[in-house]
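K.L.:
The chain contents come next:
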Amino acid sequence: MANKLDFLKQFDQLTALFPVQGNARAVIHNGLDFPTTRDEYWKYTRVTSLVESRYVRNVPNIDSIDAFRVPGLDAQYLVFVNGEYSERLSDTQLIQGVEVTSMRLAEGDRKQHMLEHLDRYVDSKTQAFHALNTSYFIDGSFITVEKNTVLSDPICILNISADKQQANNIRNLIVVGEMAKAEFINLHEGYDNAGSLTNAITELKVEQGGDASLYMIQNDGAESAHINTIQVAQEKDSQSKVVTITQTGKLVRNNLNFTVSGQGCESNMYGIYFTSDRQHVDNHTYVDHTTPNCNSNELYKGVMSDRSTGVFNGKIMVRREAQQTNAFQSNQNILLSDKATIYTKPELEIYADDVKCSHGCTIGQLDEEAMFYLQSRGLDKAAAAKLLVQAFAGDVTAKITNDALREKVEGFLHQKFEDQHA
Amino acid sequence: MSDFLRIKNLRASIEGNQILKGIDLEVNPGEVHAIMGPNGSGKSTLSSVLAGREEYEVEADEVMFLGKELLEMAPEERSREGLFLAFQYPVEIPGVSNINFLKAAINAKRQHQGLEDITAKDFMVMVKEKQALVELKQSLANRSVNEGFSGGEKKRNEIFQMAMLQPRLGILDETDSGLDIDALKIVANGVNKLKSKDNAFILITHYQRLLNYIVPDFVHVLYNGRIVKSGDKSLALELEEKGYDWIINELEAV
Ligand SMILES: Nc1ncnc2c1ncn2[C@@H]1O[C@H](COP(=O)(O)OP(=O)(O)OP(=O)(O)O)[C@@H](O)[C@H]1O
Ligand SMILES: [Mg+2]
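If you read the protein sequences in the order shown, they are chains X and D. Counted from 1, the first sequence has number 92 at position 92 by this note's numbering; the numbering is strictly sequential. To convert, take the position in the second sequence, counting from 1, and add 1000; that gives this note's numbering.
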């Protein structure tokens, strides 16, 4: 693939900050190729144009992040513009037991601590977009929550994608210590960024007995693409929750993976994708149950309109040792247009015999009886449909336990409907 | 001639089956009409067609409601103009709050009338008052629309919604079926309180019992897609006593 080397050449002048970056560059320059639709897990999602594009690098000046803040949210913001940390725009606070650092600026013991975890959980050897990210990220967030620390407010990582044809490799590393509890929001926003690519990786490590929630809000803009990987690594007795809300993006691909290394863990994953125009949103999730007595719960809901496409692939692996696993998965979809498409596939591989696993997927339209009932009370079609879609999404939005963020997401659902029926 | 509701030669088919075969009916303000008739005769079809259900192919010489062509209007417009259907089988809508949806419905109607949205306070006062009218438990008003309601609770919720929306014409499709005696009285009492010289009701029912509480001005028998007999309240008593056979026999004799 001569193309690949040409493509990579445009990034090669970026300085490698950490040894793992050199390793990843070697991997991607050699045998590892970008996926094509011939690869099973990329069958419906065509990324060729993304990895043949010419990108430019530019970090525009941004005066304020007010337009991107979640209204009413009490949180500290860690702000990156096109992958570059902005100390000026960030408002990190000193909180006992929490450290929030730009990867590039990490020094001494802090840097050492970071290198112990960086690139340990995600697979940069066989996944080309991971290798691309690891090779060329120019900065990232490194957040640690100390043992026994319980945070009352979330920490928000705001990634702004600004300007056209940018390729932003976004990197987050979060370590939640033993018995600690914290919520994180990764807010992706964009403006004037047609043709830009966000290629993001979040490694989330939850140590023994810890409890971490991560809300991934994708609002990069209608003309940009987003490839996102979240790798959650849980130790014994820990809990995690990842909620992925895809708002905008011409092409979005999410990989959400959980590995668990001890008993008594719970892993929760929820998502909403509400697509329009020719949007393409692909969610691939993977839970690898390797130890006994763990639970996983998954609920993804899709609403697709116009000529948009959704893809859902939920893989659950229950290995022979993972007895007494409870794994539940559900993917439900509503098609609002007969030109919209959903490809949904559960993928269960179960090798243990004493487990409870269930999965289900549904594809339907809005319930006609309910529509007529609401209309017969005076609501027009759009208002009736909006109520039904909000109700449909409600099972997932209810999992957003932060009120300000939940209201923002509900506001998005509301606005999307208004825009469609304007 | 009345301008309230005038139906002439209304026909409706679904999937090639003609269900309504020419209905004539005139309703004036202040009147209560009862429609009775054997199962499958087309009573619910008539109410669905009037409310605007789209699955039917509908034809008529004329259907006028308050001076407007009813069949030209979308279901929501009919509602905003003052038509209300209490469903025979109210649908459950999980996740949609009864109260929120009613507020949206009331505001849709107010906008249609060129009024401002109802204030939160006025709305709550109205909810309290109408809840009391049909003795609907407060917890039900706050739940998802009909979700997990018992059969009787669903029917009460229909009357509660009717009371909130204050229609000009209320069509009650077997609201009395499945109600216990006390609930029947409460529902009937609710309707009687809503009754005025400006509005009218069409009660679809199988039982004379309801008509003891809500006294009809006219009773019609719908059979095989047509109104085959009309009379006053004594017709209902006669049907209760003798069933429908004598009417059907009369028809066949002609
Ligand atoms: N979708 C449909 N396709 C075919 N036939 C239908 C359809 N819907 C209703 N019908 C038929 O139309 C006829 C009239 O039905 P309708 O529900 O109006 O009767 P009804 O008088 O309300 O009866 P009941 O007293 O049992 O409520 C019935 O024979 C019914 O089977
Ligand atoms: Mg019926």
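Just so you know, these hints were derived from the structure itself, not from any lab. Even glycine gets a Cβ: it sits at the ideal position worked out from N, Cα and C. Check before you lean on any hint, since a few could be wrong.
[What the hints assert, rightly or not] Here are the computed distance ranges between Cβ atoms for each label pair:
| no. | chain 1 | residue 1 | chain 2 | residue 2 | range |
| --- | --- | --- | --- | --- | --- |
| 1 | X | N61 | D | A1074 | 49 to 55 Å |
| 2 | D | D1122 | X | A352 | 58 to 64 Å |
| 3 | X | K381 | D | N1192 | 32 to 38 Å |
| 4 | X | T401 | D | N1142 | 18 to 24 Å |
| 5 | D | T1119 | X | D74 | 26 to 32 Å |
| 6 | D | N1224 | X | D338 | 36 to 42 Å |
| 7 | X | L8 | D | A1074 | 56 to 62 Å |
| 8 | X | D74 | D | D1182 | 48 to 54 Å |
| 9 | X | T362 | D | G1016 | 53 to 59 Å |
| 10 | D | D1061 | X | D338 | 52 to 58 Å |
| 11 | D | S1234 | X | K381 | 40 to 46 Å |
[Stated by the list, open to error] Derived DSSO-like pairs: lysine-lysine, alpha-carbon spacing no greater than 27 Å straight-line:
| no. | chain 1 | residue 1 | chain 2 | residue 2 |
| --- | --- | --- | --- | --- |
| 12 | X | K345 | X | K356 |
| 13 | D | K1233 | D | K1103 |
| 14 | X | K381 | D | K1103 |
| 15 | X | K381 | D | K1068 |
| 16 | D | K1103 | X | K399 |
| 17 | X | K416 | D | K1103 |
[What the hints assert, rightly or not] Here are a few chain D residues that face chain X, going by a calculated C-beta distance under 10 Å:
| no. | residue |
| --- | --- |
| 18 | E1031 |
| 19 | E1059 |
| 20 | L1085 |
| 21 | S1097 |
| 22 | H1112 |
| 23 | D1232 |
| 24 | Y1244 |
| 25 | W1246 |
K.L.:
Decide, hint by hint, whether the structure agrees.
P.N.:
How the hints compare with the structure:
1. A hinted range of 49 to 55 Å holds for the C-beta pair N61 (chain X) and A1074 (chain D), which are about 51 Å apart.
2. About 60 Å separates the C-beta atoms of D1122 (chain D) and A352 (chain X), a value consistent with the hinted range of 58 to 64 Å.
3. At about 35 Å, the beta-carbon gap between K381 (chain X) and N1192 (chain D) stays in the expected band of 32 to 38 Å.
4. One distance hint, 18 to 24 Å for the beta-carbon pair T401 (chain X) and N1142 (chain D), holds here, with the actual separation near 22 Å.
5. Checked against the hint of 26 to 32 Å, the C-beta distance between T1119 (chain D) and D74 (chain X) comes to roughly 31 Å, which is consistent with it.
6. Between N1224 (chain D) and D338 (chain X) the beta carbon distance is about 37 Å. The supplied range of 36 to 42 Å therefore holds.
7. Checked against the given bound of 56 to 62 Å, the beta carbons of L8 (chain X) and A1074 (chain D), roughly 58 Å apart, stay inside it.
8. Range check, D74 (chain X) to D1182 (chain D): Cβ separation about 51 Å, and the 48 to 54 Å hint holds.
9. A beta carbon spacing of about 31 Å between T362 (chain X) and G1016 (chain D) contradicts the range 53 to 59 Å that was offered as a hint.
10. Taking the beta carbon of each, D1061 (chain D) and D338 (chain X) are about 36 Å apart, not inside 52 to 58 Å as hinted.
11. Judged by the Cβ atoms, the range 40 to 46 Å given for S1234 (chain D) and K381 (chain X) holds: they are separated by roughly 45 Å.
12. Pair hint K345 (chain X) plus K356 (chain X) holds up; C-alpha atoms about 19 Å apart against a cutoff of 27 Å.
13. Our distance criterion of 27 Å between C-alpha atoms is broken by K1233 (chain D) and K1103 (chain D), whose separation comes to about 37 Å.
14. With a C-alpha separation of about 16 Å, the suggested pair K381 (chain X) and K1103 (chain D) falls inside the 27 Å cut-off, and the hint holds.
15. Restraint check for K381 (chain X) and K1068 (chain D): satisfied, since their Cα atoms lie roughly 21 Å apart, inside the 27 Å limit.
16. Taken as a hint, the K1103 (chain D) and K399 (chain X) pair is honoured in the structure, with Cα atoms around 26 Å apart against an allowance of 27 Å.
17. Taken as a hint, the K416 (chain X) and K1103 (chain D) pair is honoured in the structure, with Cα atoms around 22 Å apart against an allowance of 27 Å.
18. Contact between E1031 (chain D) and chain X, as hinted, is not supported at the beta carbon level, the nearest pair being about 22 Å apart and thus beyond 10 Å.
19. The beta carbon of E1059 (chain D) is not positioned within 10 Å of any beta carbon in chain X (closest approach about 20 Å), and the interface hint is therefore violated.
20. This hint holds: L1085 (chain D) has a C-beta 6 Å from the nearest C-beta of chain X, less than the 10 Å allowed.
21. Checking S1097 (chain D) against chain X by beta carbon gives a least distance of about 9 Å; that is within 10 Å, so the hint holds.
22. Given hint, H1112 (chain D) at the interface with chain X, holds; its Cβ is 8 Å from that chain's nearest Cβ, closer than 10 Å.
23. Hint on D1232 (chain D) is violated. Least Cβ distance to chain X is approximately 30 Å, over the 10 Å limit.
24. A hinted interface residue such as Y1244 (chain D) counts as satisfied when its beta carbon comes closer than 10 Å to some beta carbon of chain X; here the least separation is about 29 Å, so the hint is violated.
25. Hint on W1246 (chain D) is violated. Least Cβ distance to chain X is approximately 36 Å, over the 10 Å limit.
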